[in-house]
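This is what each chain is made of:
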Amino acid sequence: DIQMTQSPSTLSASVGDRVTITCRASQSINGWLAWYQQKPGKAPNLLIYKASSLESGVPSRFSGSGSGTEFTLTISSLQPDDFATYYCQQYNSHSYTFGQGTKLETK
Amino acid sequence: EVQLVESGGGLVQPGMSLRLSCTASGFTFDDYAMYWVRQAPGKGLEWVSGINWNSRTIDYADSVRGRFTISRDNAKNSLYLQMNSLRPEDTALYYCTRDFYNSGSPNYYFDFWGQGTLVTVSS
Chain A
1 DIQMTQSPST LSASVGDRVT ITCRASQSIN GWLAWYQQKP GKAPNLLIYK ASSLESGVPS
61 RFSGSGSGTE FTLTISSLQP DDFATYYCQQ YNSHSYTFGQ GTKLETK
Chain B
1 EVQLVESGGG LVQPGMSLRL SCTASGFTFD DYAMYWVRQA PGKGLEWVSG INWNSRTIDY
61 ADSVRGRFTI SRDNAKNSLY LQMNSLRPED TALYYCTRDF YNSGSPNYYF DFWGQGTLVT
121 VSS
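Line by line, the protein sequences are chains A and B.
Residue 1 is where the first sequence starts when you use the numbering used here, and the numbers rise one by one after that.
Residue 1 is where the second sequence starts when you use the numbering used here, and the numbers rise one by one after that.
I should point out that these hints are in silico values taken from the structure, not numbers from a laboratory.
Ideal placement from N, C-alpha and C gives every residue a C-beta, glycine not left out.
It is possible that some hints are incorrect.
[As the list claims (entries may be wrong)] Computed Cβ-Cβ distance ranges for the label pairs, DEER-style:
(1) G104/B <-> S53/A: 31 to 41 Å
(2) K107/A <-> G104/B: 18 to 28 Å
(3) G41/A <-> G26/B: 35 to 45 Å
(4) S56/A <-> V5/B: 20 to 30 Å
[To be verified] No more than 20 Å apart at the CA atoms, straight line, and that leaves these computed lysine to aspartate or glutamate pairs for DMTMM-like:
(5) K50/A <-> D111/B
(6) K42/A <-> D17/A
(7) K103/A <-> E46/B
(8) K42/A <-> D111/B
(9) K42/A <-> D62/B
(10) K42/A <-> E55/A
(11) K43/B <-> E55/A
(12) K39/A <-> D111/B
(13) K42/A <-> D31/B
(14) K39/A <-> D31/B
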């Protein structure tokens, strides 16, 4: 199975900051990567699919990039609503694994 | 409005069984593959199982294969997960999720999620 590793596990930032979260796959996933945002007590919410495609209704300050085994999620200017946990997920092959999550917290 | 509502969770002893249900509304259910994804308390997300629109393509995580069975009833707009031989490590919030595309075939990423139903396996 493909392993997904996110870094950092925790990220402290302030409103207005530009933040980047990295996700590395143990082998190539051909760009089949999604990013989700999860707030406490809520279900995850799809942000990005196919590595860089923005899901409908998601603010344009979110962007995704990458290829092969390395991918990034960038928030261009952090807003108060963005403090949450972020997960990457590969859907290239079984078992469609998620990263361990990155908690974005207020500095 | 798309809605996915899970039910059937609860506290069970190791080795026992439980059946989860998910009732869908707000979209044409049989246009979509559907899935179960779980999250242990305070932990990350784990894909559990998926089923295509006509139940001919079914897949399971290795951790549940042989113990869990996914099924659907398109006439009732419902998805199910029969969980047998439950283990303490199956303790989690179980989410019902919808495939991104309305092709009926599984793509294994998820655009809508229910609020989850909690399964606790403990003696």
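The hints, checked one at a time:
Checked against the hint of 31 to 41 Å, the pair G104/B and S53/A fails, with Cβ atoms roughly 21 Å apart. A hinted range of 18 to 28 Å is violated for the C-beta pair K107/A and G104/B, which are about 46 Å apart. G41/A and G26/B have their C-beta atoms about 22 Å apart, which leaves the hinted 35 to 45 Å range violated. At roughly 23 Å, the beta-carbon separation of S56/A and V5/B lies within the given 20 to 30 Å, and the hint holds.
Restraint check for K50/A and D111/B: satisfied, since their Cα atoms lie roughly 13 Å apart, inside the 20 Å limit. In summary, the hint linking K42/A to D17/A is not supported, as the alpha carbons are separated by about 24 Å, beyond the 20 Å threshold. Note on K103/A and E46/B: the hinted pairing holds, with a Cα-Cα distance of about 17 Å set against a maximum of 20 Å. Proximity of K42/A to D111/B is assessed by CA-CA distance (about 14 Å); at most 20 Å being required, the pair is judged to hold.
Annotation: proposed proximity of K42/A to D62/B is violated, straight-line Cα distance about 26 Å (limit 20 Å). Between K42/A and E55/A the alpha-carbon distance is near 18 Å, which keeps this suggested pair within the 20 Å criterion. Only pairs whose Cα atoms come within 20 Å are accepted, and K43/B paired with E55/A is rejected, the gap being roughly 25 Å. With a C-alpha separation of about 16 Å, the suggested pair K39/A and D111/B falls inside the 20 Å cut-off, and the hint holds.
Restraint check: the Cα-Cα separation between K42/A and D31/B comes to about 26 Å, which exceeds 20 Å; the hinted pair is violated. Proximity of K39/A to D31/B is assessed by CA-CA distance (about 29 Å); at most 20 Å being required, the pair is judged violated.
Violated hints, in rising order: 1, 2, 3, 6, 9, 11, 13, 14; the structure is consistent with all others.
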